[in-house]
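2 protein chains.
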Amino acid sequence: MLSQKMLELGSKKSTIREIFEFGKKRAEIVGKENIYDFSIGNPNVPAPVSVKNAILEILENENPTAIHSYTSAQGDDNVRSTITKSINKRFGTSFKKENLYMTVGAAASISICFKALTNEGDEFITFAPFFPEYKCFVEGAGGKLIIVDANTQNFQINFDEFKKKINDKTKAVIVNSPNNPSGVIYSEETILKLVSILEEKSAEYGHVIYLISDEPYREIAYDNVDVPYLTKYYKNTLVCYSYSKSLSLPGERIGYIIIPSEIEDFKDTYAAICGGGRVLGFVNAPSLFQKVVAKCADETADISIYERNRNLLYDGLIKMGYKCVKPEGAFYLFPQSLEKDAKAFCEKAKRYDLLLVPGDDFGCPGHVRISYCVQTEQIINSLPIFEKLAKEYGINS
Amino acid sequence: MLSQKMLELGSKKSTIREIFEFGKKRAEIVGKENIYDFSIGNPNVPAPVSVKNAILEILENENPTAIHSYTSAQGDDNVRSTITKSINKRFGTSFKKENLYMTVGAAASISICFKALTNEGDEFITFAPFFPEYKCFVEGAGGKLIIVDANTQNFQINFDEFKKKINDKTKAVIVNSPNNPSGVIYSEETILKLVSILEEKSAEYGHVIYLISDEPYREIAYDNVDVPYLTKYYKNTLVCYSYSKSLSLPGERIGYIIIPSEIEDFKDTYAAICGGGRVLGFVNAPSLFQKVVAKCADETADISIYERNRNLLYDGLIKMGYKCVKPEGAFYLFPQSLEKDAKAFCEKAKRYDLLLVPGDDFGCPGHVRISYCVQTEQIINSLPIFEKLAKEYGINS
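Those protein sequence lines, which keep their order, are chains U and Y. UniProt numbering numbers the first residue of the first sequence as 1 and each following residue consecutively. UniProt numbering numbers the first residue of the second sequence as 1 and each following residue consecutively.
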């Protein structure tokens, strides 16, 4: 009598959550310092001090009723102006507040886009490895998620398979760069190739194929690598953003969607986004944090900590003989599993209280995700464990 | 190519929003003090000072990473314990944290319930006058909203029509007491009668008919009138709550759902609620405000201001010859329109910059909603306008 689909989705915890809960229980027994938990993507770097200062300043100086009041569904006008100005300055775009819709975080941004776009029978294509909740959101909106297998050489796009899977029912393509779980950033070359296929196929099928850019890790990029801003390459792009990672505010649920003026039927598209947010029950993005992120629009948490962690862990693993595409962003490493069955490999790691997530859930078997948004000390202490594990498999550095 | 339904829902502003926007524009021309805007249910009473203190205390004393971190999807454990204890103390219930699921506000609470319960073809019954967004949420979840006409005598339930409309496809009944827009509180007699029908029909049809209690106005009740706590009358009740009104935090989007242990298939129901929240993209209720409302769980904003407003406005209108059921809660008055067509009446009122909402959108033509969550001064200044309007219709006090 209950919705069987919701029952199923609510009963089956994600693999990541299960491993995380296991880690919490083990920590109670053997002590937190003896658990090497790399399961969850919860930023360990605190929000910048400007977040605290912004909250204090707002509480001190603004009208107490206005601070916590409803905003327009699309977000507070001043907040939207400030944020678009910051985006324009940083990425050379020219958005106005009318192009921005504030949301209750990245999951909201994506699920609103799916809801706004989906008609019965629509397909959405994503590229493995991919964030597993996409399936849940696409199906919730009434669409179908189509997965293109990974290009395991470098985790750029597997274009051969993409060309086979794109078809007349394709409503949109979702990309996530910097990528969770591979940490890879799509190169400009990849983007240009993707865009040329989207344009060709849109023309062939006689309807727009949208590009949804899910980019909560945009600011977490290393080695001065550029993260192409996709609206500059393809006008029918919706940008989904969240401050969860850049400002370390994952619990506060605050983000936005960019709808460029150049998009096909801009006014209607913006309206459909508003409709999606309304139907799903979001009302407005949390009001205090709208004001906070506007005040901190040009800031990030201390990203250098993640970069140090990446270097330590990547260099360490490579030296031991692990095989891994070097990630240029986000806070994940996605090495090959030391046996074909990544789940079995993770079980072996677990015996050392080393908690990794098998790539299967990300649509990429034979790999494991290591979330290195942890204390650097944990990385240092875990290296001998990774080495023991490698030796168990007869791999010698 | 866009979802036509979302486009429609996003293009057509609610009547309330339209009137509200009109008022803002007029205020720019003739001055805010000359606009008698009773259109919107945005609390004018500030949050209690304990909210500010709670925020400051959390920022000062808690781990900065933990404050803004993801919580479990169902909410922080300590928060859920604290809130259930407060509910138990105030309403004589015996909930545990396992019965509570924190949400991103009332709209989220309701839309999650609909999503968790709905299978193809399901009907949900509500009683006019009713909150118009219900239709949007029910249809978004794939169900159909069935409206029982108002009992305009006293705005309790029209049981004759309810008995005609309940049927084998009825999945749940939604009540909203204290009611928006009538301000009426369902009496214990009404609840007992409702429950007896639900029990009889559940047995007859061989399946549960759920009761969804949407109660953001629970604490806004006057004259010591009791607001029955529905889980004590009917075990298959889901309680949807929000702190928008009680703590004047409408923009922060924070509330909860109560799933009583006695509900049919408790474990599965709780899981389906988790599935609903997951699919819609809520992730978790805003983390800082989870902690804030837990610290303020026993508090409310200064409700006495609303009571004073109600008395002034109700007494004033009755003296002038308006006809109105006396509201015992919420912050709305729902008098009869002075002509049959409430929309025409509201247009006449608008000429005096007196902004009222026709009852048609609430499923109750011939009435108008007056939101009196405004400065008391506005009420005092508006009374001569209400009087002029009455005289225009030849009504003499």
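Just to be clear, a hint being listed does not mean it is correct.
[Claimed, not checked] Quick list of in silico lysine to any residue cross-link-like pairs, SDA-like style, CA-CA up to 25 Å: (1) K97(U) to K235(Y); (2) K235(U) to K235(Y); (3) K235(Y) to S11(U); (4) K169(U) to K5(Y); (5) K52(U) to K52(Y).
[Claimed, not checked] Short, incomplete list of chain U residues facing chain Y, as computed with Cβ under 10 Å: (6) I19; (7) A66; (8) T71; (9) I110; (10) S111; (11) N224; (12) K267; (13) F282; (14) G321; (15) A344; (16) K348.
I should point out that these hints are in silico values taken from the structure, not numbers from a laboratory. Glycine included, every Cβ here is placed at the ideal spot set by N, Cα and C.
Can the hint on K348(U) be confirmed by a CB-to-CB distance to chain Y that is less than 10 Å?
Constraint on K348(U) not satisfied, violated at 28 Å.
Restraint status (C-alpha distance of K169(U) to K5(Y) at most 25 Å)
Roughly 19 Å between the alpha carbons, so the hint for K169(U) and K5(Y) holds.
Interface hint outcome for S111(U) [beta carbon to chain Y under 10 Å]:
holds (3 Å)
Are T71(U) and chain Y close enough, Cβ to Cβ, to be under 10 Å, as the hint says?
holds (6 Å)
Hinted contact G321(U) with chain Y - closest CB pair below 10 Å
violated (34 Å)
Can we keep the F282(U) interface hint, with Cβ of chain Y closer than 10 Å?
Holds, about 7 Å.
Hint check: 10 Å Cβ-Cβ cutoff, A66(U) to chain Y
At 9 Å from the nearest chain Y Cβ, A66(U) passes the 10 Å test, so the hint holds.
Under 10 Å is the threshold here; is the Cβ of N224(U) close enough to any Cβ of chain Y for the hint to stand?
Hint violated; N224(U) Cβ to chain Y Cβ min 27 Å, cut 10 Å.
CA of K235(U) to CA of K235(Y), is that 25 Å or under?
violated (53 Å)
Tell me if the straight-line CA distance from K235(Y) to S11(U) falls inside 25 Å.
holds (22 Å)
Given I19(U) was flagged as interface, is its beta-carbon under 10 Å from a beta-carbon of chain Y?
At about 15 Å, which exceeds the 10 Å cut-off, the nearest Cβ of chain Y leaves the hint on I19(U) violated.
Does the interface hint hold: is I110(U) within less than 10 Å of chain Y, judged Cβ to Cβ?
With Cβ-Cβ at 7 Å, under 10 Å, it holds.
Figure legend: structure checked against the earlier numbered hints; hints not met, in rising order: 1, 2, 6, 11, 14, 15, 16.
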